[in-house]
Amino acid sequence: SKYKSEFLANMSHELRTPLNSLLILSRMLAENGDGNLHPQQIEFAETIHAAGNDLLALINDILDLSKVEAGKMELNLGPLALVDLCEDVERAFRPVAEQNGLEFRIERDHALPPALVTDEQRLQQVLRNLLSNAFKFTESGGVTLRMGRAPEDATFTVESLTSAEHVIQLSVTDTGIG
3 SKYKSEFLAN MSHELRTPLN SLLILSRMLA ENGDGNLHPQ QIEFAETIHA AGNDLLALIN
63 DILDLSKVEA GKMELNLGPL ALVDLCEDVE RAFRPVAEQN GLEFRIERDH ALPPALVTDE
123 QRLQQVLRNL LSNAFKFTES GGVTLRMGRA PEDATFTVES LTSAEHVIQL SVTDTGIG
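Quick note: to get the working numbering, add 2 to the position in the sequence shown (first position is 1).
Read the hints as simulated data drawn from the structure, not as lab findings.
Since no wrong hints were added, every one of them can be taken at face value.
Lysine to any residue pairs mimicking SDA-like chemistry, simulated, CA-CA at most 25 Å apart:
1. K6 - L17
2. K138 - D56
3. K4 - D63
4. K138 - D176
5. K4 - R18
6. K6 - D56
7. K4 - A59
8. K138 - A52
9. K138 - R148
10. K4 - E76
11. K138 - D90
12. K138 - V128
13. K6 - I64
14. K6 - I61
Go ahead and model the full structure; you've got the sequences and the hints to work with.
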């Protein structure tokens, strides 16, 4: 398990370098700065760029998993304003909802504090994964992100959550399959 984790961490880094070049060049092609590409060629470049971004996200997930398994995951804790989190999620997923003809709601309990202390990158990564899956498997209806306090009777397996004065619960629901 240790060797597998080290291998995945090393391979993830080695794969990112050529992938970043592919992303930069495909974006440049899609922008068609010289105006010499046909619409279909621009669409192909956009498809390459989108697939490259998907692959980069997968590599990042693999790297994170291998770090967790190796016990080397470092959290960068800091304050995160909930209004900023909501705006970022809205900006990222509103176009996806509109493109797929789906409703997208963000419901935030206004009794929550204005900010929380978290690893912003990890939290956004988890939310991106949950919301991406929700939109991916929802053909009609909608997707909702809810932010509120965890129920008083909630049980946790992590001591820091068990002993916390308040725990914030984020949930994603959808009308899709599963």
